[in-house]
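K.L.:
Sequence:
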Amino acid sequence: MFDPTILMIAIAILDEAFDSDIRSVHDLYKLRVPPTRRSLEFNWKKHMLNCHTAFHD
Numbered sequence: 003m004f005d006p007t008i009l010m011i012a013i014a015i016l017d018e019a020f021d022s023d024i025r026s027v028h029d030l031y032k033l034r035v036p037p038t039r040r041s042l043e044f045n046w047k048k049h050m051l052n053c054h055t056a057f058h059d
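Those letters in the sequence shown? Residues 3 to 59, per the working numbering, in order.
Be careful, since some hints might not be right.
To be verified - Label pairs and their in silico Cβ distance ranges:
#, residue 1, residue 2, range
1, Thr38, Phe4, 12 to 22 Å
2, Asp5, Ser26, 16 to 26 Å
3, Asp17, Pro37, 25 to 35 Å
4, Ile13, Leu33, 12 to 22 Å
5, Phe4, Pro37, 29 to 39 Å
6, Leu9, Lys47, 18 to 28 Å
7, Thr7, Leu51, 13 to 23 Å
8, Ser41, Leu9, 12 to 22 Å
9, Leu33, Asp5, 25 to 35 Å
10, Ala12, Glu43, 14 to 24 Å
11, Ile8, Met50, 17 to 27 Å
12, Met10, Val35, 11 to 21 Å
13, Thr7, Lys47, 13 to 23 Å
Think of the hints as simulated: they come from the structure by calculation, not from any bench. Where a beta carbon is used, it is the ideal one built from N, C-alpha and C, also for glycine.
Required output: the full structure, derived from the provided sequences and hints.
P.N.:
Right under this line is the structure:
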């Protein structure tokens, strides 16, 4: 089964696109969702936000 979300996360980790200390999938799996939340939010580095333009020019 193909999961585009997992693919996007993997590419972002390889590109060091997250504005956090996540540098590997192992780092991602060490994180825990707080009991009061259902998910975690990851911020992108500002210079990565417009990377889609490189594919459209």
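K.L.:
Does each hint hold? Answer for all of them.
P.N.:
Here is how each hint holds up against the structure:
For Thr38 and Phe4, the hinted distance range of 12 to 22 Å is not satisfied, since their beta carbons lie about 32 Å from each other. Hint check: Asp5 to Ser26, Cβ distance near 19 Å, so the stated range 16 to 26 Å holds. Remark: the range hint 25 to 35 Å for Asp17 to Pro37 is upheld by a beta-carbon distance near 31 Å. The hinted window of 12 to 22 Å between Ile13 and Leu33 holds, with their beta carbons roughly 18 Å apart.
For the hinted restraint 29 to 39 Å between Phe4 and Pro37, the CB-CB distance of approximately 31 Å keeps it satisfied. Separation of Leu9 from Lys47 is about 19 Å and conforms to the stated range, judged on CB atoms against 18 to 28 Å. Range check, Thr7 to Leu51: Cβ separation about 18 Å, and the 13 to 23 Å hint holds. With their beta carbons about 18 Å apart, Ser41 and Leu9 fall inside the hinted range of 12 to 22 Å.
For Leu33 paired with Asp5, a C-beta distance near 18 Å fails the hint of 25 to 35 Å. A hinted range of 14 to 24 Å for the beta carbons of Ala12 and Glu43 is consistent with their spacing of about 18 Å. Between Ile8 and Met50, the C-beta spacing of about 18 Å keeps the proposed range 17 to 27 Å intact. Hint check: Met10 to Val35, Cβ distance near 19 Å, so the stated range 11 to 21 Å holds.
One distance hint, 13 to 23 Å for the beta-carbon pair Thr7 and Lys47, holds here, with the actual separation near 19 Å.
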